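Novice: Residues per chain are reported as follows:
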Amino acid sequence: MAFVLTLIGAMLACGLEMLEALAIVLAVGITRRFRDSLIGAAGAALALALLALVLGPVLIARVPLDSLRIVIGAFLLLFGLEWLRKGVLRLAHLRSPSSSFKEFVEEQEELEGLALPAPGAPDWAGRTIAFKGVLLEGVEVILIVTALGARPGGLAPALIGAGSALVAVIAVGLVLHAPLARLPETHLKYVVGIVLSSFGVFFAAEGLGVSWPGSDAALLYLAAAFLLISQLQVHVLIREQAAVAAA
Amino acid sequence: MSTLRQLRKLVLGETWSLPLGVALALGAAGIYRLIDGDDSWWTHAGGFVLLGLVALALTASLAGALRARRR
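Those sequence lines, one after another, are chains D and F. Here this note's numbering is used: the first residue of the first sequence is 1, the next is one more, and so on. Here this note's numbering is used: the first residue of the second sequence is 1001, the next is one more, and so on.
This is chain D alone, in the form it adopts within the complex (with noise of 0.2 Å):
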């Protein structure tokens, strides 16, 4: 049970953040280079892969188990009430809805007003505009697959569902920006809060000396009750923004 939640988890967390980083490496290599742009994504890339190497280690070796459960359990409800937050807003319209394509638009527009440098020299604006971007979304990753890795037996769920996740952004990538305008992020993202919420309870009450009933199955259940919670906020919202409109 746990196993495929973790796999899910981190796969929908993960790629919706890869495709945020995807928007902005398409957007520098259309407008500008995509040698550039690439060489910019592999440099944020390589200095993740550092970040990884030494948070998994750190955390899992030098902190006590009830203490690590409770860290992760907070940087998942940090996470997953966030993007639940943002979810219920846009559910209720008081919020736009999550699109890396008109991200992709935006930053691609921004651009245009950056002047190219001679063929053969680097783009360093290009390569500068690519690391930052791929090294903030993918931060996020990192702190995910660990916080989801760090719990025994978690590790292969959270690195089989971030590598799938990369498999499935490279290839949209592959196909070009098309696809983004067709996902559905906004139900996406909104899902993926109540996964990571419902990790963050799970975890962190364990590790202040909760024994859940059903053990693994609680995720279900705790998955179950952010759903109703979430929908009755979304609902509350509409109507009372209905009465505004009405006063």
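Hints are computed from structural coordinates only; laboratory data are not their basis. Incorrect hints may have been included.
[To be verified] Incomplete in silico selection of chain F near chain D, CB under 8 Å:
1. G1013
2. G1030
3. L1051
Since the model is a prediction, treat every value here as computed from it, not as a measurement. In this text, a Cβ means the ideal position worked out from N, Cα and C, and glycines have one as well.
Here the structure of chain D is known, so what remains is to put chain F in place on it, guided by the hints.
Specialist: What follows is chain F alone, placed relative to chain D:
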């Protein structure tokens, strides 16, 4: 926006109410556990208390977003 500010936004999110709410929920649960030790009530029901506190944190951050929009 500076890189550090973007990093803070990525880790802590767009609002302060949510990270504060999570910190308060975990802090309150941790303090209760420290005071009461391995209480059997907490072992079986503590998770649901934490779920309730986290749900409150989410509700508070949404209420904040709604208030900000009305202004």
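Novice: So, as I understand it, the hint says G1013 (chain F) touches chain D; can you test that by seeing if any CB pair is closer than 8 Å?
Specialist: This hint holds: G1013 (chain F) lies near chain D, its Cβ roughly 4 Å from the closest one there, short of 8 Å.
Novice: Are L1051 (chain F) and chain D close enough, Cβ to Cβ, to be under 8 Å, as the hint says?
Specialist: At about 5 Å, which falls below the 8 Å cut-off, the nearest Cβ of chain D leaves the hint on L1051 (chain F) intact, so it holds.
Novice: Under 8 Å is the threshold here; is the Cβ of G1030 (chain F) close enough to any Cβ of chain D for the hint to stand?
Specialist: holds (6 Å)
Checked against the numbered hints above, the structure breaks none of them.
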